[in-house]
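Colleague: What follows is the residue order along each chain.
Number of protein chains: 2
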Amino acid sequence: MRQTLDFLLFDWLRISDLTTRERFAEHSAETFAAVLDTCERIARDKFAPFNRLADTQEPHIVSDAGGERVHLPQATHDATRAYAESGMLAAAQDYDVGGMQLPCVIEMAGNAFFSKASVAMGGYAMLTSGNASLLMAHGTPLQREVFAKNEFAGRWFGTMCLSEPQAGSSLSDITTRAELEDEGDVLGARYRLTGNKMWISGGEHEITENIIHLVLAKIPGPDGKQIPGIKGISLFIVPKWLVNERAELTGERNDVALAGLNHKLGYRGTTNCLLNFGEGRWTPQGRKGAIGYLVGKPGEGLRAMFHMMNEARIGVGLGAVMLGYAGYEASLEYAKQRPQGRPMTAAGKDAASPQRPIIEHADVRRMLLAQKSYVEGGLALELYCARLVDELNTSDNAAEAQAVLDVLIPIAKSWPSEWCLEANSLAIQVLGGAGYTRDFPVEQYWRDNRLNMIHEGTHGIQGLDLLGRKVVQQGGASLVATAARVQATIERAMQTDWAPQANQLAGALAQVGGATKKAWSTGQPEEALANATPYLQAFGHTVLAWLWLDVALAVEGDSDFAQGKRAAARYFFAYELPKIAAWLDVVARRESLCRDIKSEYF
Amino acid sequence: MRQTLDFLLFDWLRISDLTTRERFAEHSAETFAAVLDTCERIARDKFAPFNRLADTQEPHIVSDAGGERVHLPQATHDATRAYAESGMLAAAQDYDVGGMQLPCVIEMAGNAFFSKASVAMGGYAMLTSGNASLLMAHGTPLQREVFAKNEFAGRWFGTMCLSEPQAGSSLSDITTRAELEDEGDVLGARYRLTGNKMWISGGEHEITENIIHLVLAKIPGPDGKQIPGIKGISLFIVPKWLVNERAELTGERNDVALAGLNHKLGYRGTTNCLLNFGEGRWTPQGRKGAIGYLVGKPGEGLRAMFHMMNEARIGVGLGAVMLGYAGYEASLEYAKQRPQGRPMTAAGKDAASPQRPIIEHADVRRMLLAQKSYVEGGLALELYCARLVDELNTSDNAAEAQAVLDVLIPIAKSWPSEWCLEANSLAIQVLGGAGYTRDFPVEQYWRDNRLNMIHEGTHGIQGLDLLGRKVVQQGGASLVATAARVQATIERAMQTDWAPQANQLAGALAQVGGATKKAWSTGQPEEALANATPYLQAFGHTVLAWLWLDVALAVEGDSDFAQGKRAAARYFFAYELPKIAAWLDVVARRESLCRDIKSEYF
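Protein chains in written order, with numbering that gives the first Met the number 0: chain V, 0 to 601; chain C, 0 to 601.
No lab work stands behind these hints: they were computed from the structure. All residues carry an ideal CB built from backbone N, CA and C; glycine is no exception. One thing to keep in mind: the hints can contain errors.
As the list claims (entries may be wrong) - Reference listing, derived: stretches of chain V covered by chain C, where coverage requires no fewer than 3 residues with Cβ under 8 Å from a Cβ of chain C:
#	region
1	169 to 181
2	425 to 439
Unchecked claim - In silico BS3-like cross-links for lysine-lysine, where the CA-CA straight-line distance does not exceed 27 Å:
#	chain 1	residue 1	chain 2	residue 2
3	C	517	C	597
4	V	296	V	224
5	C	224	C	296
6	V	296	C	348
7	C	287	C	348
8	V	224	C	348
9	C	348	V	597
10	C	516	V	348
11	V	296	V	348
12	V	348	C	517
13	C	516	C	578
14	C	578	V	597
15	V	578	C	517
16	V	348	C	224
17	V	335	V	296
What the hints assert, rightly or not - Facing chain V, from chain C, some residues (calculated, C-beta under 8 Å):
#	residue
18	368
19	452
20	453
21	455
22	519
23	577
Just chain V, same shape as in the assembly (with noise of 0.2 Å):
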């Protein structure tokens, strides 16, 4: 994988170049090459050898004098830890708060590792970083002190507490409910929050000493009521033990109170629960209620909490493609060792002969290079979605930028979590009944990888987000943007051997465009958006086929390495692209049937 990743980096998407940027600046390809050796050992040393016993060891409550504690085991403390002491929490940030003023392209890539080694034992820091990087963004210069830059040095962890039992994909359904106390308190005008928080990854441990809770919850309006609607949500930090405004502990505990664990297919190694806000288990300052200090205007919580929306889509879908990729080279070196049959010849075969490694199957290799195709591809877009943030950020082209991206994030949110899966199914097949027992790991990928559907906007969610919303935003600005990059790849691809491919891609980039005209001719968003699924999966094989296009353009040389590139370039247009004319064909003629079917005829 490391010599993918550093020829996507380096000498596709150049990123050598960013160092020519004044935050980048003391910056060069070395450090770079570094920062990805260190988190590269630490994920080996610290996360993959511990990635088995994280699920196997589920997390649990232990009950005794100081309450209820969830168990985890050592490893993943350790983990965590040495995650923590990398100084990778921080790598983005600012040189002044202790960042390494990474680019977003470069922490994406250091990430990686760690979501390949152990998934799950990842999510804390990602979640921690997530939050941190919010409050620097939405904060106040004492909320960034005391929260931010003790999350970012590892000392407390973090959480994101959305959903709630009743409000899942829909959080404007939310009713966790905030009253003002006191609108003067250092730490940010003071409420007390009273509500239910489900599916809180990282929602309790002790990992670290404490746990910022970033909670959307309701302002009610002067006449008591909640305010319908997103419009009505605000953001709030409720630490699970309070602190002063010199980030000291006051020893007293917040009323956040452990209501359950998830006990889930997969991604166990990451606790899941279900967290009582303000039920009164305990009383911090003399009364029930959970205290939380308010980030940012009443109102715009939401808005806050999806600002950094961008970057924890590519970290989900980064995440997708790493359990793929983990798969993948599992059922690599199997199927390079494992005798079984004789590959078939014209002459038949010759049982008297010795088993040959399955990798000479051709359904075997077939299997392998669709995953392959799938993992490598998704890395691609991934690093490709992080570097347009590179963009958004530091370039003067981050209109443009933005543009793109907007369309990309629903695809890198969506298309690894399903064809990594698929390549994770793929990977338990090569290894034939080897692969169905927890003797070997790509079982537990394809458990782990299952999730990545579900979490952070459901693949229904991003299908209606991309079809619903960014391609047709500011009249279609940013999916002709997305086109034109598309159709740059095309050009410089009919000047070579890719310009059969260049013209298949250019055929398919004018069926996505047609059926998202003919999905939208009625104007009737419940016509356009019943069949937002099959578009959002025609849209990702349409980009992949573009990235595998471009990235096919930049390999070099007949190494093997090379070859392998342009192999899986070529099986993705052979193999997968055609299959977008099923998908469009139910856009394009705004099929009715499943938005008619009444619920009585299931």
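Keeping the supplied structure of chain V fixed, place chain C upon it in accordance with the hints.
Modeller: For chain C alone, coordinates are given in the frame of chain V:
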């Protein structure tokens, strides 16, 4: 499900017609229904409530004075006992051996309830029934009397011991050795077996007082060496405990040792073992070596073992279907109950209105309709194949039925293994985060179902069987016979509202036929078969479209039930059948990418 099952059996397949045949003359629609009632009741009472328990209380080895035993939950004992007492083990057998002389299609339909309730707990009985049926076909009268009859009665359970650690898909490479001890044993020529057998489901347990292993092994040639290839393979009865010709246990333990349990991703309720034969752990009749009695002639073991292959592969396919069905029903129920969000309308959304059940969202309906089309279509496929087995056994039309069945068997095995697994994934997706927890059953269905693409001939093997043997056998006669049945449905549909779908199916059939010819146009197996799996997928989707069209033609009236069937059929034609173009494309042009890529390129 029951209503759909009854409709498919009685209205679509008209199974009551079978009662006019001599073998089934004592049956009627009422006796058929009574069998289904009994199975439904036992499955509901004894299997379904314990399906999760059989997963969490995985089989484990207990060592005590009596040696090593495999511990199973009491529920598994109770459930398998209830199954045995129902008489279903001998459902299809003659009255004079204690059977019910039921058609295969009813036996399969009855067993469907158990697969749906707990596929893993149901595994023991399915294996036993297959084992004993094989002995009825190939055993001596005394072997039938002693072994088969006691298996049908549920006194003893049976296994199939084919795979070895070094020989899974490549059975010709088994090395278990059988040396003649006494040609004149009343129970059959007596051999001593030595070797290791892997992936043996039901290989060790204490549900029954004895376990009858059917074991493939090689008898050495005159030079003492084993004959390479499948020609050297013979079949043996190897009981765990020795028995005499009166079917009494002699009290002597055979030399069959449990060497380990496989710990699986799913299907955990069925023990899966590594067994060592003849390692000397026991010394029956004074010396080491597992005693085995030859079944049939030397060298014909594989043929005998595969005698029951049609039924076995229908059984696996049906198991995959029923897991899909269970997930479909669970997600349908959830979707009707779970409020979340509000459907998209031209007027936008009113956040102040109550949330609506998620079944009202078009994308959720899409996921439910996809599942419905997969699982009900899959059920139709398996019942159709079982009905063909009955044609084979009891009609004047056996040759044509055999030809069609030959072609459909790889589809019956593979299609539900892939698409009802996808149905299970969609069921998880409908439930969202809840579906990812072990509080709901859908994640277990998904894990259980992942086995079905692996055992009883992998997906890749099925593709080779279809494109490499079935469609080309007898000059393509079997393919022609199958196409004729498809054509007959198309012609009937042309006169109805289904003419557009009939035309679409005619086009698909032509594409499949064309791709078949082009694949073989160079006559080189390695060229034709390099894309056997995409061919299998395309063929499968075409078969399913055909069956859905045929089912749709049998639907009458405007009930919700009837409209649901029509919607699922329309869904399959609108969303699924168009997928075949991409799969057939690589087949028709004999795409050599996977065949050509070098191992070093990965």
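Colleague: For every hint, state whether the structure bears it out.
Modeller: Hints and how they fare:
1. 169 to 181: Coverage by chain C holds here, the residue count being 3 at a Cβ distance below 8 Å.
2. 425 to 439: holds (count 9)
3. 517(C) to 597(C): 25 Å, holds
4. 296(V) to 224(V): 19 Å, holds
5. 224(C) to 296(C): Between residue 224(C) and residue 296(C) the Cα gap is close to 19 Å, so the pair holds against 27 Å.
6. 296(V) to 348(C): 25 Å, holds
7. 287(C) to 348(C): 77 Å, violated
8. 224(V) to 348(C): 20 Å, holds
9. 348(C) to 597(V): 20 Å, holds
10. 516(C) to 348(V): 23 Å, holds
11. 296(V) to 348(V): 74 Å, violated
12. 348(V) to 517(C): 23 Å, holds
13. 516(C) to 578(C): Holds, at about 20 Å.
14. 578(C) to 597(V): 26 Å, holds
15. 578(V) to 517(C): 21 Å, holds
16. 348(V) to 224(C): 20 Å, holds
17. 335(V) to 296(V): 58 Å, violated
18. 368: Holds, about 6 Å.
19. 452: 6 Å, holds
20. 453: 6 Å, holds
21. 455: 11 Å, violated
22. 519: 13 Å, violated
23. 577: This hint holds: residue 577(C) lies near chain V, its Cβ roughly 4 Å from the closest one there, short of 8 Å.
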